[in-house]
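Working from the sequences, and respecting the hints, build out all of it.
Here is how the chains run, residue by residue.
Number of protein chains: 4
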Amino acid sequence: MPNVENVVRVSKPYKLASREFHPEDTVVEVPSACVAGGVVHIGGPEVVMMAGPCTVETEKQLMTTAAAVRKEGAVILRGGAFKPSTSPYGFRGLGEEGLKLLAKARDEFGMAIITEVMTPTDVAMVCEYADILQVGTRNMQNYMLLDEVGRTRKPVVLKRGMSATFEEWLLAAEYILSQGNRNVILCERGIRTFEKTTRNTMDISAIPLIKRLSHLPIISDPSQGTGRRDIVGPMSLASVAAGTDALLIEVHPNPDEALKDGAQSVTIDQFRELMPQVHAVAAAIGRALVTK
Amino acid sequence: MPNVENVVRVSKPYKLASREFHPEDTVVEVPSACVAGGVVHIGGPEVVMMAGPCTVETEKQLMTTAAAVRKEGAVILRGGAFKPSTSPYGFRGLGEEGLKLLAKARDEFGMAIITEVMTPTDVAMVCEYADILQVGTRNMQNYMLLDEVGRTRKPVVLKRGMSATFEEWLLAAEYILSQGNRNVILCERGIRTFEKTTRNTMDISAIPLIKRLSHLPIISDPSQGTGRRDIVGPMSLASVAAGTDALLIEVHPNPDEALKDGAQSVTIDQFRELMPQVHAVAAAIGRALVTK
Amino acid sequence: MPNVENVVRVSKPYKLASREFHPEDTVVEVPSACVAGGVVHIGGPEVVMMAGPCTVETEKQLMTTAAAVRKEGAVILRGGAFKPSTSPYGFRGLGEEGLKLLAKARDEFGMAIITEVMTPTDVAMVCEYADILQVGTRNMQNYMLLDEVGRTRKPVVLKRGMSATFEEWLLAAEYILSQGNRNVILCERGIRTFEKTTRNTMDISAIPLIKRLSHLPIISDPSQGTGRRDIVGPMSLASVAAGTDALLIEVHPNPDEALKDGAQSVTIDQFRELMPQVHAVAAAIGRALVTK
Amino acid sequence: MPNVENVVRVSKPYKLASREFHPEDTVVEVPSACVAGGVVHIGGPEVVMMAGPCTVETEKQLMTTAAAVRKEGAVILRGGAFKPSTSPYGFRGLGEEGLKLLAKARDEFGMAIITEVMTPTDVAMVCEYADILQVGTRNMQNYMLLDEVGRTRKPVVLKRGMSATFEEWLLAAEYILSQGNRNVILCERGIRTFEKTTRNTMDISAIPLIKRLSHLPIISDPSQGTGRRDIVGPMSLASVAAGTDALLIEVHPNPDEALKDGAQSVTIDQFRELMPQVHAVAAAIGRALVTK
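These protein sequence lines are chains A, B, C and D, in that order. First residue of the first sequence: 1, per UniProt numbering; consecutive thereafter. First residue of the second sequence: 1, per UniProt numbering; consecutive thereafter. First residue of the third sequence: 1, per UniProt numbering; consecutive thereafter. First residue of the fourth sequence: 1, per UniProt numbering; consecutive thereafter.
Since the hints were derived computationally from the structure, they do not count as laboratory data. All values derive from a computational prediction rather than experimental measurement. Be aware that a few hints might be false.
[What the hints assert, rightly or not] Covered by chain D, according to a simulated footprint, are these stretches of chain C (three or more residues, beta-carbon under 8 angstroms):
1) 192-201
2) 205-218
3) 235-241
[Unchecked claim] List of simulated lysine-lysine pairs, DSS-like, C-alpha gap at most 27 angstroms:
4) A:Lys12 <-> C:Lys12
5) C:Lys196 <-> D:Lys12
6) B:Lys260 <-> C:Lys12
7) C:Lys292 <-> C:Lys100
[Claimed, not checked] Far from chain A, by Cβ distances over 12 angstroms, these chain C residues were calculated:
8) His22
9) Val27
10) Glu29
11) Gly37
12) Glu46
13) Ala67
14) Pro84
15) Glu96
16) Glu108
17) Arg153
18) Asp256
19) Leu259
20) Gln270
21) Met275
22) Ala288
Every residue gets a Cβ at the ideal spot worked out from N, C-alpha and C, and that includes glycine.
Set out below in structure tokens:
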């Protein structure tokens with residue numbers, strides 16, 4: 001019997017990632033004790049809120065943030081244990097100690113955990129603690145890392161390279177998919193442009209365009225995508241209006257004292273104000289926000 | 001008595017355009033017979049729909065489009081009579097004949113007219129027909145044109161240069177303002193990036209950021225901003241969610257036969273479907289769409 | 001008899017500018033009393049040095065600079081009388097007074113004059129004083145200006161738009177050529193990139209590539225192209241090694257007191273040291289530098 | 001006694017890489033049997049030619065190319081055994097088999113070997129065969145790879161990331177340096193721009209600027225830097241004129257049949273014609289090309 005993957009012809013250099021090959025939306029399931037049924041669906045009719053600190057700093061910082069974002073309706077907790085740093089002298093994260101704190105937060109609040117993995121030899125360890133692996137923008141074309149996360153069956157959030165075209169991004173997804181892992185979620189996190197008042201320029205058009213080119217879920221990171229706390233709110237609403245499947249937002253109890261990327265983290269108060277607005281815009285386009 | 005303009009200190013190289021100098025939102029008034037009171041306000045609490053063909057081609061094309069967009073709630077009619085063309089062999093517009101057709105559409109449908117002016121010596125003539133002057137992306141730094149539209153008192157839509165930073169854009173606005181014309185409206189129309197599946201990458205973050213940097217109204221052109229009819233809808237909704245003061249949308253009765261930029265013009269049917277969605281997202285963030 | 005321009009088929013959207021249409025190099029003749037024969041050829045076997053201040057400030061500044069650069073072998077004098085300024089509050093040049101000073105320098109030193117024209121209505125006046133018209137980077141797509149300089153027969157240096165592709169640049173040249181003016185010279189002056197330590201990134205590859213795509217002369221402006229005096233030297237040599245037909249260099253007797261762009265102007269001493277190096281690299285690739 | 005590294009203050013975020021910290025040029029020594037003294041110096045007064053195929057395909061292809069480029073004066077042989085491929089379905093290199101062929105070529109022709117390493121766990125193996133490790137553009141911010149090559153003492157060629165600023169590039173070098181490996185060589189290989197007729201835009205200004213910012217050697221890859229065989233020649237000469245310490249050129253006996261990147265590989269004949277031109281331009285700026 002012919003293998004269907006070899007039968008469907010596609011017009012793009014990527015295949016498994018293409019909408020032509022796989023016309024139906026892919027919905028990625030993430031185990032999450034805090035929701036009814038114990039599973040969050042990413043890429044389905046509902047919008048998902050992922051929130052938490054950029055970087056895990058201390059148990060108190062993480063638990064305070066997790067409690068606050070869970071209370072407002074976030075169902076997935078973000079937090080970096082392995083952090084890329086442009087300078088070798090910057091903070092590079094708590095490592096496995098940070099992963100353990102994330103696991104503890106999951107036990108306490110029932111939220112699924114998303115965290116970054118930076119190198120192939122760490123994949124097995126990070127898989128022990130995380131529910132979703134994140135591949136960062138600088139690693140979008142780290143092919144051996146893509147191969148390795150492709151050999152797991154964990155959901156993978158693949159961030160867009162900071163100067164990547166959609167085709168390059170979908171070819172990076174193809175690396176993971178072609179290793180057998182079909183749980184790939186794409187994340188728009190801003191591209192580099194000439195603008196100096198923002199850290200990145202968030203490309204909202206990625207949301208409807210990836211939906212046309214691919215069946216994979218597409219989510220938005222307005223924190224990295226802008227680098228500015230004061231516009232995370234409007235860019236979150238714009239993402240939802242454009243059809244994002246989830247938001248990934250950096251929240252910090254005291255952003256100005258954050259060890260990393262404080263300028264782009266919203267406060268807990270700002271997050272609390274944002275949630276009803278997200279609900280309202282989602283409702284306006286006929287979607288709901290899953291919160292329990 | 002000291003001139004207040006010389007007293008307020010600003011931290012940016014632009015001054016009259018800055019929020020520091022002028023903390024209250026500027027609301028630009030445009031005479032428009034089709035709305036109650038006869039004036040449309042751009043930059044106030046309501047969102048405004050501007051729509052029409054990219055280029056005025058024939059009386060029939062213009063009138064058909066104007067009738068259709070007015071029926072759905074557009075209150076300002078767009079249409080190009082002088083068109084920039086990358087090639088000297090491309091269509092450069094009908095010139096004054098096109099302006100006359102626009103004036104005729106205004107008489108018939110009561111919509112205000114927005115149209116482009118490309119060179120200083122045309123400003124007086126275009127002012128005779130237009131309610132809003134448009135300065136295009138290629139002319140954002142055509143300083144003598146900026147000076148000349150600055151010497152009129154007509155509302156001016158100043159499109160962002162295709163690789164301009166916010167600072168350069170606001171300095172271009174400063175040219176107009178410093179000549180005495182305070183009726184400046186900024187328009188995000190996409191920037192050049194490495195992406196090849198779109199004509200431009202629409203920078204939705206310009207909307208909330210310009211609101212912070214400046215008191216001037218900011219509007220969105222998702223047609224030029226994307227170059228793709230199939231995502232004009234989601235990008236319109238994203239613009240509204242992010243706080244745009246108006247949408248400027250290209251509509252054509254038969255886009256595939258358009259003389260110019262058909263790929264980015266929506267059909268009348270698509271426009272009809274879009275309007276209630278725009279209403280819903282505007283309502284979700286507490287704004288209304290002015291339609292009569 | 002068929003018009004040859006309508007007979008030759010070209011594969012590019014530009015035609016008169018293309019090497020396919022016109023296989024032989026175009027050599028533009030500029031009257032210059034200081035050289036043997038009274039004419040400088042741009043685009044021929046010899047390399048040409050154009051130098052002078054960014055902006056004409058005073059008679060003394062201009063004459064001092066002209067005397068110095070002529071002494072070292074420059075045969076064309078640059079100097080701006082109409083200057084584009086990003087801010088309306090910046091120095092915009094001396095206008096016609098500056099043109100008169102340039103003409104005076106021509107009378108005294110026998111150098112041809114190149115100076116910028118910014119708007120169609122100034123073309124006739126600038127033609128009275130200048131030997132070469134310059135269209136600046138911000139005006140590369142100011143189509144009415146291109147049309148107007150195309151209606152003269154003066155040599156025109158067309159600077160590359162700061163984010164323009166080669167195709168867009170050659171289409172801009174096509175505007176001038178199609179009006180009948182075949183004396184078009186292209187000038188690489190740097191493109192905008194993400195780099196922050198330079199004002200622009202000079203695209204040296206434009207030199208050999210334009211030579212392949214077009215028959216028009218191509219020259220280099222390493223002052224604007226870098227924005228940094230300390231690398232004008234190596235970038236001049238790189239331009240010559242890559243095949244540039246001329247260099248256009250900003251020289252100022254006291255750059256740190258320049259009214260405009262002092263950071264990118266070399267001193268007279270630096271210019272004096274550079275000239276023999278330019279000679280040597282030109283000789284290494286089999287070309288000479290015309291100096292008398 | 002204070003550690004000098006902690007005493008010198010630098011004004012940049014990178015330190016060990018900065019010219020302020022280390023004012024003298026770093027000269028990296030590479031063992032190479034084909035030259036007098038058995039050592040090639042990169043970063044000293046002489047210019048070095050590195051050449052060879054993009055990718056090792058077969059023994060015959062490699063040996064033919066190596067023989068030819070050695071005969072013309074290349075002293076270092078390039079060739080990829082581990083190749084990054086944008087698509088998972090592209091050719092990814094021969095792996096260790098390719099390394100063995102490179103070692104065989106070294107034995108036969110006495111040239112030092114430069115080859116890419118893509119992931120930390122391969123570093124030890126690649127070190128067994130290579131004289132210079134290459135970190136590719138996509139891995140410029142693969143921090144764990146940088147750490148690992150930093151723990152060796154092999155010379156490392158660090159290619160510029162395709163959208164990296166000089167500061168980011170020097171911070172990546174700082175990762176390697178701060179692990180104790182001071183044998184870092186920077187390589188300009190083109191940046192991404194809007195231009196479509198080239199694969200990358202080679203930033204020649206990187207050569208003089210890196211020389212000012214850093215003491216590390218800087219070399220040029222005009223093959224990757226342009227993606228076009230027809231301009232590799234002029235861009236090589238431009239690099240030398242601007243001060244490059246070495247050229248890294250792709251040569252293939254039959255480029256149109258290359259498994260990878262044939263469009264940017266020059267033929268053996270083209271390479272033969274180029275060498276005397278490189279000699280001449282180097283001589284014009286007072287440098288020699290080391291060939292034996």
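Right, here's what the structure says about each hint:
Three residues within the 8 angstroms Cβ limit are the bar, and the stretch 192-201 of chain C against chain D gives 7, so the coverage statement holds. A stretch counts as covered by a chain when three or more of its residues have a beta carbon under 8 angstroms from one of that chain; for the stretch 205-218 of chain C and chain D the count is 6, and the coverage holds. Coverage of the stretch 235-241 of chain C by chain D holds. Counting CB-CB distances below 8 angstroms, 6 residues qualify, and the rule asks for three or more. Note on Lys12 (chain A) and Lys12 (chain C): the hinted pairing holds, with a Cα-Cα distance of about 25 angstroms set against a maximum of 27 angstroms.
At roughly 13 angstroms between alpha-carbon atoms, Lys196 (chain C) and Lys12 (chain D) fall within 27 angstroms of each other, so this suggested pair holds. With a CA separation close to 19 angstroms, the supplied pair Lys260 (chain B) and Lys12 (chain C) stays within the 27 angstroms bound. The hinted pair formed by Lys292 (chain C) and Lys100 (chain C) meets the criterion: a straight-line CA distance of about 24 angstroms does not exceed 27 angstroms. Here His22 (chain C) stays apart from chain A, with its beta-carbon at least about 35 angstroms from theirs, past the 12 angstroms limit.
The non-interface label for Val27 (chain C) is consistent with chain A: the shortest C-beta to C-beta separation is roughly 37 angstroms, beyond 12 angstroms. Residue placement check: Glu29 (chain C) keeps its beta carbon more than 12 angstroms from all beta carbons of chain A (closest about 39 angstroms). Consistency note on Gly37 (chain C): stated as away from chain A, and its beta-carbon is indeed over 12 angstroms from all of that chain's, at 46 angstroms minimum. Its beta-carbon lying about 38 angstroms from the closest one in chain A, Glu46 (chain C) satisfies the requirement of being farther than 12 angstroms from that chain.
Here Ala67 (chain C) stays apart from chain A, with its beta-carbon at least about 40 angstroms from theirs, past the 12 angstroms limit. Residue placement check: Pro84 (chain C) keeps its beta carbon more than 12 angstroms from all beta carbons of chain A (closest about 18 angstroms). The non-interface label for Glu96 (chain C) is consistent with chain A: the shortest C-beta to C-beta separation is roughly 35 angstroms, beyond 12 angstroms. Every CB of chain A is more than 12 angstroms from the CB of Glu108 (chain C) (nearest about 43 angstroms), matching its label as outside the interface.
Listed as outside the interface, Arg153 (chain C) is consistent with that label: its C-beta sits roughly 38 angstroms from the nearest C-beta of chain A, beyond the 12 angstroms cut-off. The Cβ of Asp256 (chain C) lies farther than 12 angstroms from every Cβ of chain A, with a closest approach of about 25 angstroms, so its non-interface assignment holds. For Leu259 (chain C), the shortest C-beta to C-beta distance to chain A comes to about 25 angstroms, beyond the 12 angstroms cut-off, and the non-interface label holds. Non-interface status of Gln270 (chain C) relative to chain A is upheld: no Cβ of that chain comes within 12 angstroms, the nearest being about 30 angstroms off.
Separation of Met275 (chain C) from chain A is adequate, the least Cβ-Cβ distance of about 35 angstroms exceeding the 12 angstroms criterion. Interface exclusion of Ala288 (chain C) from chain A stands, the closest Cβ pair being 40 angstroms apart, more than 12 angstroms.
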